[in-house]
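Spelled out from the first residue to the last, the chains are:
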Amino acid sequence: MLKKKFTILDHELVPKHILLSKEEKRQLLEQLKIRPEQLPWIRASDPVAKLIGAKPGDIVKIIRKSPTAGETVAYRFVVP
Amino acid sequence: MKTKKFTLEDLKKELEKCSSELPKSIIQELEEKLSKIIDRLTKSDVEKVVSEVIRQYNEALVEPGEAVGTVAAQSIGEPGTQMTLRTFHFAGVRELNVTLGLPRLIEVLDAKRTPSTPLMRIELDEKAKYDKAKAEELARKIQHVTVENVASSIDIDFGQQMIYLRLDEELMKDKRVTLDMVINALSKHKIGTVESVTEREEEMPDGKRRKVIEVAVAVPEGLEASKMIKLRQKVLNVKLKGIKGLKRVVVKEVSREGKTYYYLEVEGSNLQGIFNNLDELEGIDPTKVMTNNIHEIAEVLGIEAARTAIINEVMGVLREQGLDVDVRHVMLVADLMTLTGRVRQIGRHGISGEKASVLARAAFEVTTKHLLEAGVKGEEDPLTGVIENVVVGQLIPIGSGMVELRVRHGGE
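Residue numbers (our numbering), protein chains in the order written: chain H, 2 to 81; chain W, 30 to 441.
Incorrect hints may appear among the rest.
What the hints assert, rightly or not - Chain W is nowhere near these chain H residues, computed Cβ spacing over 10 Å in every case:
#: 1; residue: ILE9
#: 2; residue: GLU24
#: 3; residue: GLN28
#: 4; residue: ARG36
#: 5; residue: GLY54
Claimed, not checked - Now the stretches of chain H that chain W is said to cover, found in silico as 3 or more residues with beta-carbon under 8 Å:
#: 6; segment: 39-46
#: 7; segment: 70-79
What the hints assert, rightly or not - List of simulated lysine-lysine pairs, DSBU-like, C-alpha gap at most 35 Å:
#: 8; chain 1: H; residue 1: LYS17; chain 2: W; residue 2: LYS46
#: 9; chain 1: H; residue 1: LYS6; chain 2: W; residue 2: LYS259
#: 10; chain 1: W; residue 1: LYS141; chain 2: W; residue 2: LYS398
#: 11; chain 1: W; residue 1: LYS270; chain 2: H; residue 2: LYS51
#: 12; chain 1: H; residue 1: LYS66; chain 2: W; residue 2: LYS163
#: 13; chain 1: W; residue 1: LYS158; chain 2: H; residue 2: LYS66
#: 14; chain 1: H; residue 1: LYS6; chain 2: W; residue 2: LYS170
#: 15; chain 1: W; residue 1: LYS276; chain 2: W; residue 2: LYS263
#: 16; chain 1: W; residue 1: LYS259; chain 2: W; residue 2: LYS141
#: 17; chain 1: H; residue 1: LYS66; chain 2: W; residue 2: LYS384
#: 18; chain 1: W; residue 1: LYS46; chain 2: H; residue 2: LYS6
#: 19; chain 1: W; residue 1: LYS65; chain 2: H; residue 2: LYS17
#: 20; chain 1: H; residue 1: LYS6; chain 2: W; residue 2: LYS53
#: 21; chain 1: W; residue 1: LYS384; chain 2: H; residue 2: LYS51
#: 22; chain 1: H; residue 1: LYS56; chain 2: W; residue 2: LYS202
#: 23; chain 1: H; residue 1: LYS17; chain 2: W; residue 2: LYS42
#: 24; chain 1: H; residue 1: LYS66; chain 2: W; residue 2: LYS317
#: 25; chain 1: W; residue 1: LYS170; chain 2: W; residue 2: LYS270
#: 26; chain 1: W; residue 1: LYS259; chain 2: H; residue 2: LYS62
#: 27; chain 1: W; residue 1: LYS170; chain 2: H; residue 2: LYS66
#: 28; chain 1: H; residue 1: LYS6; chain 2: W; residue 2: LYS317
#: 29; chain 1: W; residue 1: LYS259; chain 2: H; residue 2: LYS17
#: 30; chain 1: W; residue 1: LYS77; chain 2: H; residue 2: LYS6
#: 31; chain 1: H; residue 1: LYS62; chain 2: W; residue 2: LYS276
#: 32; chain 1: H; residue 1: LYS51; chain 2: W; residue 2: LYS276
#: 33; chain 1: W; residue 1: LYS42; chain 2: H; residue 2: LYS34
#: 34; chain 1: W; residue 1: LYS398; chain 2: H; residue 2: LYS17
#: 35; chain 1: H; residue 1: LYS6; chain 2: W; residue 2: LYS398
#: 36; chain 1: H; residue 1: LYS34; chain 2: W; residue 2: LYS46
#: 37; chain 1: W; residue 1: LYS53; chain 2: H; residue 2: LYS26
#: 38; chain 1: W; residue 1: LYS53; chain 2: H; residue 2: LYS62
#: 39; chain 1: W; residue 1: LYS42; chain 2: H; residue 2: LYS23
#: 40; chain 1: H; residue 1: LYS51; chain 2: W; residue 2: LYS170
Hints in this document: simulated from the structure, not taken from any laboratory.
We put the CB at the ideal spot given by N, CA and C, even for glycine.
Isolated chain H (complex conformation) (with noise of 0.2 Å):
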């Protein structure tokens, strides 16, 4: 059996990145009430975002593991 090659995603410090979709990013805006780019921001060249294919101004789900609350759901802005 061949071996599953190692990509970043699987690195110990790398937490888990969503992309997402057109009606997921609506909801999201409207639940928090806010513009896009008041959320924290990601990098279209950030080497995450391309392995995932994020463009500039989708939205990134990530879902952090946190040392207090077990695990956290954070959203980045993707700006180029």
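Add chain W to chain H, keeping to what the hints say.
For chain W alone, kept in the frame of chain H given last:
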């Protein structure tokens, strides 16, 4: 009346319902503790416990308008004052000299391009972890070896346009470098043509006689003397093996639960180099390769990894000094540093220097420069932040001061 027995499944279902209201760690703790006394529980008991937990959790949350940044600054700053004195005595006791304590803390928060002591920690996978020989083999593969590391001397003969490179055989054996490797590397870097290879014994500075291999290299004809001196340095820098930048590799052992395992500590840092050469470096665990260079992490692993790394580094320094600072303060700092998708420093050239408000920037450092530039550009300050309102003597937007009222004209 007999009630249906409350089972573990029911408990899980009950806790599932509040997953949007409580963080995962609290739900896990509830599940753990409640499952121990599950025989004595009914559904309404669990509901009561859960609603009480939710109530207390919401009470413990930070209120809107709380000055969390100021609290974080004080919570990190005060213990920081205790660090200063202790730092000097503890530095440099280890095998590898590592910057610790306050200097290191400043380095992380100032987001320095490269740390003053770049370090990597490379863990091995399950198979190789307990094998010292394997660890040492990997260490030799990783370590960057140049001609300089195996040469005993190098001379230039300007008249005959030759460079005489003398290699120390013992050093070569130690570094697992063969003569062929040197010759191949020299021709690959287009230094010149190898004319002859001779072996002989030579007296070393320490008085002992050692075997030395002399490699004579003919340089391209008509080369000026100054170019030849440059070429000499080029020869010394020719890479023979290993990964660039990783100068020293030390095999470290840790004993845990009766088992001894090994990992590699590396002086120098090159994450991308390790990832590029994974095929040759079988036995290392790529998911656990660590470096203390935050910018390098941001470039290779992304901004989120850099955020985690900042938290780990700062907490590591504080913990090592025996200071108990809550992670949440450090998380806030890391969040702010990575806010724009790049690693920004805290000070003048980062967060404080990029504030939107002129008055807030002027209040921090180099007051006149900011005021003058703002005047030239005709900048406006909407007075929305805290500092600018302190400057002009208004109510600051913190806590209840954050609330604004607007009157609707002609309403009902």
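Checked hints:
1. Residue placement check: ILE9(H) does not keep its beta carbon more than 10 Å from all beta carbons of chain W (closest about 5 Å).
2. Under the 10 Å C-beta cut-off, the non-interface status given to GLU24(H) relative to chain W holds; the minimum distance is some 19 Å.
3. Residue-level check passed: GLN28(H) sits 14 Å from the nearest beta carbon of chain W, beyond 10 Å.
4. Even its closest Cβ contact with chain W, about 15 Å, leaves ARG36(H) beyond 10 Å, as expected for a residue assigned away from the interface.
5. Chain W leaves GLY54(H) outside its interface by the beta-carbon criterion, the shortest separation being 14 Å against a cut-off of 10 Å.
6. Only residues whose beta carbon comes within less than 8 Å of a beta carbon in chain W count, and the segment 39-46 of chain H has 4; three or more means the coverage holds.
7. Only when three residues or more bring their CB closer than 8 Å to a CB of chain W does the claim for the segment 70-79 of chain H stand; here the count is 5, and the claim holds.
8. A hinted pair counts as satisfied when its Cα atoms are at most 35 Å apart, and LYS17(H) with LYS46(W) qualifies at roughly 24 Å.
9. For the given pair, LYS6(H) sits about 42 Å from LYS259(W) by alpha-carbon distance, which is inconsistent with the 35 Å threshold.
10. Restraint check: the Cα-Cα separation between LYS141(W) and LYS398(W) comes to about 24 Å, which is no more than 35 Å; the hinted pair holds.
11. The hinted pair formed by LYS270(W) and LYS51(H) meets the criterion: a straight-line CA distance of about 31 Å does not exceed 35 Å.
12. The suggested pairing of LYS66(H) with LYS163(W) holds, with an alpha-carbon distance near 32 Å, which does not exceed 35 Å.
13. For the hint linking LYS158(W) to LYS66(H), the alpha-carbon distance of about 26 Å falls within 35 Å, and the restraint holds.
14. Proximity of LYS6(H) to LYS170(W) is assessed by CA-CA distance (about 21 Å); at most 35 Å being required, the pair is judged to hold.
15. Taking the CA atoms of LYS276(W) and LYS263(W), the gap is about 18 Å. The hint holds against a cut of 35 Å.
16. Among the hinted pairs, LYS259(W) with LYS141(W) is consistent with the structure: their alpha-carbon atoms are about 31 Å apart, no more than 35 Å.
17. Between LYS66(H) and LYS384(W) the CA atoms are separated by roughly 30 Å; this keeps the pair inside 35 Å, and the hint holds.
18. About 38 Å separates the Cα atoms of LYS46(W) and LYS6(H), which puts this hinted pair outside 35 Å; it is violated.
19. Taking the CA atoms of LYS65(W) and LYS17(H), the gap is near 32 Å; set against the 35 Å cutoff, the hint holds.
20. The suggested pairing of LYS6(H) with LYS53(W) holds, with an alpha-carbon distance near 31 Å, which does not exceed 35 Å.
21. The straight-line distance between the Cα atoms of LYS384(W) and LYS51(H) is roughly 29 Å, inside the 35 Å bound, and the hint therefore holds.
22. A C-alpha spacing of about 52 Å is found between LYS56(H) and LYS202(W), which places the hinted pair above 35 Å, so the restraint is violated.
23. Proximity of LYS17(H) to LYS42(W) is assessed by CA-CA distance (about 26 Å); at most 35 Å being required, the pair is judged to hold.
24. Between LYS66(H) and LYS317(W), the direct Cα distance comes to roughly 16 Å. Compliance with the 35 Å bound is thereby established for this hinted pair.
25. Proposed proximity of LYS170(W) and LYS270(W) is supported: the alpha carbons are some 7 Å apart, at most 35 Å.
26. Restraint check for LYS259(W) and LYS62(H): not satisfied, since their Cα atoms lie roughly 52 Å apart, outside the 35 Å limit.
27. With a C-alpha separation of about 34 Å, the suggested pairing of LYS170(W) with LYS66(H) holds against the 35 Å cut-off.
28. Restraint check for LYS6(H) and LYS317(W): the C-alpha separation of about 15 Å stays at or below 35 Å, so the hint holds.
29. Restraint check for LYS259(W) and LYS17(H): not satisfied, since their Cα atoms lie roughly 49 Å apart, outside the 35 Å limit.
30. For the hint linking LYS77(W) to LYS6(H), the alpha-carbon distance of about 49 Å lies beyond 35 Å, and the restraint is violated.
31. Taking the CA atoms of LYS62(H) and LYS276(W), the gap is near 39 Å; set against the 35 Å cutoff, the hint is violated.
32. Under the criterion of a C-alpha separation no larger than 35 Å, the hint pairing LYS51(H) with LYS276(W) is consistent with the structure, at around 31 Å.
33. Distance restraint check for LYS42(W) and LYS34(H): the Cα-Cα separation of roughly 31 Å lies within the 35 Å cut-off, and the hinted pair is therefore satisfied.
34. Of the pairs offered as hints, the one joining LYS398(W) and LYS17(H) is violated, with about 43 Å between alpha carbons and a cut-off of 35 Å exceeded.
35. With a C-alpha separation of about 53 Å, the suggested pairing of LYS6(H) with LYS398(W) is violated against the 35 Å cut-off.
36. Of the pairs offered as hints, the one joining LYS34(H) and LYS46(W) holds, with about 25 Å between alpha carbons and a cut-off of 35 Å not exceeded.
37. As the CA atoms of LYS53(W) and LYS26(H) are separated by approximately 24 Å, the hinted pair is consistent with the 35 Å bound.
38. Proposed proximity of LYS53(W) and LYS62(H) is supported: the alpha carbons are some 17 Å apart, at most 35 Å.
39. A distance of roughly 31 Å separates the Cα atoms of LYS42(W) and LYS23(H); the hinted pair therefore holds under the 35 Å criterion.
40. Of the supplied pair hints, the one linking LYS51(H) and LYS170(W) holds, its CA atoms being roughly 31 Å apart against a limit of 35 Å.
Hint compliance for this structure: hints 1, 9, 18, 22, 26, 29, 30, 31, 34 and 35 are not met, and every other hint is.
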